[in-house]
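First to last, the sequence lines map onto chains A and B.
Residues in the first sequence are numbered from 2 upward in steps of one, following our numbering.
Residues in the second sequence are numbered from 2 upward in steps of one, following our numbering.
In case anyone wonders, no lab produced these hints; they're calculated from the structure.
It is possible that part of the hints are untrue.
[Stated by the list, open to error] Some chain A residues close to chain B (C-beta under 8 Å, calculated; not the full set): (1) V238; (2) S352; (3) G431; (4) L468.
[As the list claims (entries may be wrong)] Each pair of labels, with its calculated beta carbon distance range: (5) B/E322 / A/A330: 29 to 39 Å; (6) B/G499 / A/R43: 26 to 36 Å; (7) A/A225 / B/D36: 28 to 38 Å; (8) B/S23 / A/R236: 30 to 40 Å; (9) B/V19 / A/A26: 21 to 31 Å; (10) B/E394 / A/R236: 38 to 48 Å; (11) A/A26 / B/G84: 54 to 64 Å.
Note that the Cβ used here is the ideal one computed from N, Cα and C, for glycine as well.
Protein chains: 2
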Amino acid sequence: MSVTSTNPATGERRELDVGETSPEAVRAMAARAGDASSEYARRALDWREDLLGAMAEELEADADALVASARFETALPEPRLRGELARTAFQFRFFAEVVRDGAFLAASIDEATDSPMGPLPDLRRVRVPVGPVAVFGSSNFPFAFSVPGGDTASALAAGCAVVIKAHPAHPATSAACFVALSRAAVRCDAPEGLLGLVFGLDAGTALVQAPEVAAVGFTGSLAAGRALWALANAREVPIPFYGELGSANPLVVTAAAARERAVALGEGVAASVALGAGQFCTKPGLIFVPAGEDGDAVVASLGARLGAEGPFTLLSEGIAENFRRGARALEAQGGAAVLVAGEWGEAAHTSARLLEVDAARFARERALRAECFGPLAVAVRYGGPEELRAALEAAEPSLTFSVHVAEADPDAAALVALGARRAGRVVVNGYPTGVGVSWSMHHGGPWPATTAAGATSVGAAAVERWLRPVTYQTVPPDLLPAALRDENPLGIVRRVNGRLEAGTPPRGGR
Amino acid sequence: MSVTSTNPATGERRELDVGETSPEAVRAMAARAGDASSEYARRALDWREDLLGAMAEELEADADALVASARFETALPEPRLRGELARTAFQFRFFAEVVRDGAFLAASIDEATDSPMGPLPDLRRVRVPVGPVAVFGSSNFPFAFSVPGGDTASALAAGCAVVIKAHPAHPATSAACFVALSRAAVRCDAPEGLLGLVFGLDAGTALVQAPEVAAVGFTGSLAAGRALWALANAREVPIPFYGELGSANPLVVTAAAARERAVALGEGVAASVALGAGQFCTKPGLIFVPAGEDGDAVVASLGARLGAEGPFTLLSEGIAENFRRGARALEAQGGAAVLVAGEWGEAAHTSARLLEVDAARFARERALRAECFGPLAVAVRYGGPEELRAALEAAEPSLTFSVHVAEADPDAAALVALGARRAGRVVVNGYPTGVGVSWSMHHGGPWPATTAAGATSVGAAAVERWLRPVTYQTVPPDLLPAALRDENPLGIVRRVNGRLEAGTPPRGGR
Numbered sequence: 002m003s004v005t006s007t008n009p010a011t012g013e014r015r016e017l018d019v020g021e022t023s024p025e026a027v028r029a030m031a032a033r034a035g036d037a038s039s040e041y042a043r044r045a046l047d048w049r050e051d052l053l054g055a056m057a058e059e060l061e062a063d064a065d066a067l068v069a070s071a072r073f074e075t076a077l078p079e080p081r082l083r084g085e086l087a088r089t090a091f092q093f094r095f096f097a098e099v100v101r102d103g104a105f106l107a108a109s110i111d112e113a114t115d116s117p118m119g120p121l122p123d124l125r126r127v128r129v130p131v132g133p134v135a136v137f138g139s140s141n142f143p144f145a146f147s148v149p150g151g152d153t154a155s156a157l158a159a160g161c162a163v164v165i166k167a168h169p170a171h172p173a174t175s176a177a178c179f180v181a182l183s184r185a186a187v188r189c190d191a192p193e194g195l196l197g198l199v200f201g202l203d204a205g206t207a208l209v210q211a212p213e214v215a216a217v218g219f220t221g222s223l224a225a226g227r228a229l230w231a232l233a234n235a236r237e238v239p240i241p242f243y244g245e246l247g248s249a250n251p252l253v254v255t256a257a258a259a260r261e262r263a264v265a266l267g268e269g270v271a272a273s274v275a276l277g278a279g280q281f282c283t284k285p286g287l288i289f290v291p292a293g294e295d296g297d298a299v300v301a302s303l304g305a306r307l308g309a310e311g312p313f314t315l316l317s318e319g320i321a322e323n324f325r326r327g328a329r330a331l332e333a334q335g336g337a338a339v340l341v342a343g344e345w346g347e348a349a350h351t352s353a354r355l356l357e358v359d360a361a362r363f364a365r366e367r368a369l370r371a372e373c374f375g376p377l378a379v380a381v382r383y384g385g386p387e388e389l390r391a392a393l394e395a396a397e398p399s400l401t402f403s404v405h406v407a408e409a410d411p412d413a414a415a416l417v418a419l420g421a422r423r424a425g426r427v428v429v430n431g432y433p434t435g436v437g438v439s440w441s442m443h444h445g446g447p448w449p450a451t452t453a454a455g456a457t458s459v460g461a462a463a464v465e466r467w468l469r470p471v472t473y474q475t476v477p478p479d480l481l482p483a484a485l486r487d488e489n490p491l492g493i494v495r496r497v498n499g500r501l502e503a504g505t506p507p508r509g510g511r
Numbered sequence: 002m003s004v005t006s007t008n009p010a011t012g013e014r015r016e017l018d019v020g021e022t023s024p025e026a027v028r029a030m031a032a033r034a035g036d037a038s039s040e041y042a043r044r045a046l047d048w049r050e051d052l053l054g055a056m057a058e059e060l061e062a063d064a065d066a067l068v069a070s071a072r073f074e075t076a077l078p079e080p081r082l083r084g085e086l087a088r089t090a091f092q093f094r095f096f097a098e099v100v101r102d103g104a105f106l107a108a109s110i111d112e113a114t115d116s117p118m119g120p121l122p123d124l125r126r127v128r129v130p131v132g133p134v135a136v137f138g139s140s141n142f143p144f145a146f147s148v149p150g151g152d153t154a155s156a157l158a159a160g161c162a163v164v165i166k167a168h169p170a171h172p173a174t175s176a177a178c179f180v181a182l183s184r185a186a187v188r189c190d191a192p193e194g195l196l197g198l199v200f201g202l203d204a205g206t207a208l209v210q211a212p213e214v215a216a217v218g219f220t221g222s223l224a225a226g227r228a229l230w231a232l233a234n235a236r237e238v239p240i241p242f243y244g245e246l247g248s249a250n251p252l253v254v255t256a257a258a259a260r261e262r263a264v265a266l267g268e269g270v271a272a273s274v275a276l277g278a279g280q281f282c283t284k285p286g287l288i289f290v291p292a293g294e295d296g297d298a299v300v301a302s303l304g305a306r307l308g309a310e311g312p313f314t315l316l317s318e319g320i321a322e323n324f325r326r327g328a329r330a331l332e333a334q335g336g337a338a339v340l341v342a343g344e345w346g347e348a349a350h351t352s353a354r355l356l357e358v359d360a361a362r363f364a365r366e367r368a369l370r371a372e373c374f375g376p377l378a379v380a381v382r383y384g385g386p387e388e389l390r391a392a393l394e395a396a397e398p399s400l401t402f403s404v405h406v407a408e409a410d411p412d413a414a415a416l417v418a419l420g421a422r423r424a425g426r427v428v429v430n431g432y433p434t435g436v437g438v439s440w441s442m443h444h445g446g447p448w449p450a451t452t453a454a455g456a457t458s459v460g461a462a463a464v465e466r467w468l469r470p471v472t473y474q475t476v477p478p479d480l481l482p483a484a485l486r487d488e489n490p491l492g493i494v495r496r497v498n499g500r501l502e503a504g505t506p507p508r509g510g511r
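With the rest of the complex left out, here is chain A (with noise of 0.2 Å):
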């Protein structure tokens, strides 16, 4: 079956110079991936720091082509897209760095000693790559979270081979970015099958199911996510899945943050909602606010705002009807009320919608809490803080989990420390759409937010989920990885009879 690109804005169709791929070919490029891992893993880290290097490199020389066709398949705006390409190639040097500095291998030497147990030996420990990783990519970031995303990054700076499932709402757009990644490669003498790229559900779980592979990256939906860790589990050797499945994403207003800037906290809100027509997987789709007037004039101010964006093309129509259908099933539950709702629209094309439910409901009724995809939020009014404690508490776990407050405000300790006990990350008086790429980024959290709560997909820990420990227990020097000799070649962070020592990165050579 061939590959179709369609425009979500006008449905045009074109036919892709591509077919899907058949299980036996999955099957022969993982088994070329599982290679090349090996091969991968021989070559010196500055090599690799190189390769990452060249594809930020390539991906900027192709970035006219790349948004253009990003364009045509997903309707996103150019500013955003080319924003995100930036953000997609600063995302490769970034791993670069990561790499160079090389505590992500926690690197760990205790020498021989006589311990109170008596004695012990030359006992040596670095992180080695687990092998070919499977990325499946994202539908709403065609870069970042797709071919040439973090999933596709961090494994290549780990050490993995890559074989990536395109997403089907953007096949033209994987399709080059592979092109781009590929002339990295081939520029700097990788290995041959150290990238692949696949198309096509078959595709997707033949790929799980094959044997070299070691780990899957996944961003995507609830249900998809569910069936492919499922299928991962049941393999006769399970691997890690390291899903990021999306979530609810709650907002509180406190009650004084309502009283002192209820006007700007609504226009955020909706700001933060809209980005995207509301297709992040860290848009706040539930927004707590006070019953009362000042909570009025937040939901005011939020309805007025949110109305007042759109329409909007969503990434496909597929997309825009599972919105449609989430919304209307939101809507349909006794007692939601509907604040804002447009046209529900044709094809890929909706408007913005608010409703408005009370928390003690909210709190009853499961059908309430499921994430739905889209320009959409639910506010959630809340008498005191029992009845929102009560109503976040029956909200799913999610990425993030965000408070404004005011000055000194009472409600803040608690709603915080709440976060933190359900959420990956916790936002105070901002917004949770953006998610940088640094050191200190957690994009994760608790089930079933993700389905492995301590794993990130954004930010420098994201290399770990490729990366399994081997301790080297009285190996003579010349057989010892780089990164675990005396004389710390690779200049790397190391910790050293329990303490750790700074490393100092050589320029070239390692």
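Place chain B on chain A using the hints.
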């Protein structure tokens, strides 16, 4: 049903003053552990250190009684049990040191900055405890991998409450250890419910299924581990399951090493196989020895020494029955010669066994690869490097992989590299049976050695299993956890704007 303590050496049985724990009682205990975890997470880190130190002291205070109890229930020799208890107390103090160091929190601060991607907000990450941990004690280490073992100590170090399922082979020792730990908890005024202990198979199932339980640590057999792992995955909210399932632990003697020191190698291997009656999860079960005269001398020495060991009393009658069943199944494989075979024995008593098979057959016959827990080893005779490699690739991945080499051995580098691909610890010219508690130890390995190749159940990194990261975005200083405040009040290792900064733990008051 009441719980019974059995002496495997004599068959003497004592009925304990405790019954199997009902599922309702397990759920109530898990709920209390949930509350205790929340309270514990709020306590200061130095309080946590004090608690761990107090547990070491209380175990030592009861040493005579604990060792006597374990002696009755396990038939392990007294010096071994005294050493194991000392190591177990040491482990609590070691984890107190890990807490003091603070690197396990992975604290990272990125101050607000203008990045190439535009402004980045203030982002600060720290790891938080996951919540109550369920620990399944092992049969073979009544202290070090049971109630007061590494899973319990590391979970408490991480800030989590612990509910332990006692191993049925040493219930009285489990109860006595629990009393010592509980005394330490009371002495330190720990939150009620911080520690729990349950007995019985159904109680174990209920524990994995209890909603408050956030993660599981397990040491035991592949069959039991896989079953509980499946339960953990089948929950409405799946939880991570860290199972250490044992392994066959290949040990390779190169041609050059066999030529150089055949007799000493045979004796060394035999001692490692017979240690603790072969009941170590790191027992070298597959001994790869070259064909020909030098190899014959290794096997002869191994057989002579192993045949002189024993007879043995295993940990329980059930374990001895499994040993006889497993050994008979291996011996029924056509082509496996029996070189050493004493009496099969009755009840918990048995003798050491040594089998021999050629490498080509080993590579073909899957049944030969199974771990046989107890005093048995299989000598696998190989003709050359290629046959050796194929046989090693056919063996299951393991916790450990040992290689005995000569000076400038032409086979050494390839074997060390192969070992690093297929095991969690690579030992050169040594034996895998000792597992030291240290910063650099990794006790884990690829499936089926464990269910999570990235995790270790021994050493400083064991604490990482019970933590998940949270990032705080633009959170005012007074709402930040202490680990993330600018002034570093805990004196812990942190990454600040991408650079690691050493910690300076203050004494007291943190």
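Right, here's what the structure says about each hint:
Interface hint status for A/V238: upheld, as the beta-carbon distance to the closest one in chain B is roughly 5 Å, under 8 Å. The restraint placing A/S352 at the interface with chain B is violated, with a minimum CB-CB distance near 29 Å, outside the 8 Å limit. A distance limit of 8 Å between C-beta atoms decides the matter here; for A/G431 the minimum to chain B is near 5 Å, and the interface restraint holds. Satisfaction of the interface hint for A/L468 is found here, the shortest Cβ-Cβ separation to chain B being roughly 7 Å, below the 8 Å cut-off.
Restraint check, B/E322 to A/A330: a C-beta distance of roughly 56 Å breaks the suggested window 29 to 39 Å. For B/G499 paired with A/R43, a C-beta distance near 28 Å keeps the hint of 26 to 36 Å intact. For A/A225 and B/D36, the Cβ-Cβ distance of about 36 Å falls inside the hinted range of 28 to 38 Å, so the restraint holds. Separation of B/S23 from A/R236 is about 36 Å and conforms to the stated range, judged on CB atoms against 30 to 40 Å.
Here the CB-CB span from B/V19 to A/A26 is close to 60 Å, at odds with the stated 21 to 31 Å. Between B/E394 and A/R236 the C-beta distance comes to about 18 Å, which lies outside the given range of 38 to 48 Å. Under the hint 54 to 64 Å, the C-beta atoms of A/A26 and B/G84, about 56 Å apart, fit the expected range.
The structure shown violates the earlier hints numbered 2, 5, 9, 10.
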